[in-house]
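Novice: Each chain, letter by letter, is given below.
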Amino acid sequence: MRTSPTGSSGNGISDAGAPRSAYRSIRNAVAVWLTAVILAAFLLDIPKINILEHTARNLYFHVPMWFTMMAAFFVSAYHSLRYLQSRDRIRDVRALQAARVGAVFGVLGLVTGVVWARFTWYVGQNIWWNFDPKQTMAAVQLLIYGAYFTLRSSIDEPDKRARIAAVYNLFAAATVPFLLYVLPRQMESLHPGAEGNPAFSEITDPVMRLVFYPAVIGFIGLFWILYTQRVRLAVLNHRADDPLEV
Amino acid sequence: MTIHPLQEADSTAQSTAYDTLWTGQEEVPVQESTGLERVMLAEDKLYVVLAVVLIIWIGLALLVFRTDRRLDRLERTMDERIAEKDTGA
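The listed protein sequences correspond, in order, to chains X and W.
Using our numbering, the final residue of the first sequence is 246, and nothing's skipped along the way.
Using our numbering, the final residue of the second sequence is 335, and nothing's skipped along the way.
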């Protein structure tokens, strides 16, 4: 998307994102791609494993939510860092929107995980939440990002808000690998890679990888579309609020 | 609905280390399966996958609706501003 040739002047905001035609091409490609992924996810035969049975197919949906969330938080942290370097307000807008959409994917990952565990491992026990280390750490992770949004809404002065939020966002991003990889692997968990459990690479059938990796790419593409839409809207809102630019 | 026994592993299936009930939960009493559970466990638990896909679909649709509402608000602001300009001129 390109804005007016005047670019960023004073308090104005300009968006140096991908051109609109590239956005449209990627959007259409992601729509076709994800449709194919969903078809393959349900139609391809997979090896039958006790207890898991068809729910093994959730690998194509539940796990990409987390990959997408981490990609989104990484994008968000990158723009926060660039904000601190350049003080360009578009970086603040991008960091906020990437974190927002990323948090949505995180909540979806959490809820899908709860449903998966409830009707697969906790059958007959009526357990919806069992404090599985990875699940708990993921919830803590979302609370850390929830605090980012709360922090933003508590500061009125835009430049101060952008600066403090960017610093906090870098801290939040730094906790991601520890909460989602290091800590859960030290404890007993349903998740692969935890104590005694084989890691993903040793237990996943080739036919499932054939769907899983495209699913990760597809959902990250979907994140990019939703994020770009929200950035475009936020930029328009900023321009509408600034009487000089209307 | 029966629970898959912990010890009785199916030798033909590819069983994995985490493919059992979590051992930390052994003392939890097993209850009769409820109606919801019977639905979810039908067809080799395929409905669990359906539930997961629906949750993702509904969640993303809600995000799109929220974005749409912000777009509506912006449209109204712009319309009002244009109307102000017209009456002022």
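Wrong hints could be hidden among the right ones.
To be verified - Here are the computed distance ranges between Cβ atoms for each label pair:
#: 1; chain 1: W; residue 1: Leu300; chain 2: X; residue 2: Ala139; range: 20 to 26 Å
#: 2; chain 1: W; residue 1: Gly334; chain 2: X; residue 2: Ser154; range: 36 to 42 Å
#: 3; chain 1: X; residue 1: Ile155; chain 2: W; residue 2: Phe311; range: 47 to 53 Å
Source of the hints: derived by calculation from the structure; they are not laboratory data.
Backbone N, C-alpha and C define an ideal beta-carbon position, used for all residues, glycine too.
Novice: Please go over all the hints and tell whether each is borne out by the structure.
Specialist: Tested hints:
1. W/Leu300 / X/Ala139: 20 to 26 Å: 22 Å, holds
2. W/Gly334 / X/Ser154: 36 to 42 Å: Distance hint for glycine 334 of chain W, serine 154 of chain X holds at roughly 37 Å.
3. X/Ile155 / W/Phe311: 47 to 53 Å: Given range 47 to 53 Å: violated, Cβ gap about 28 Å.
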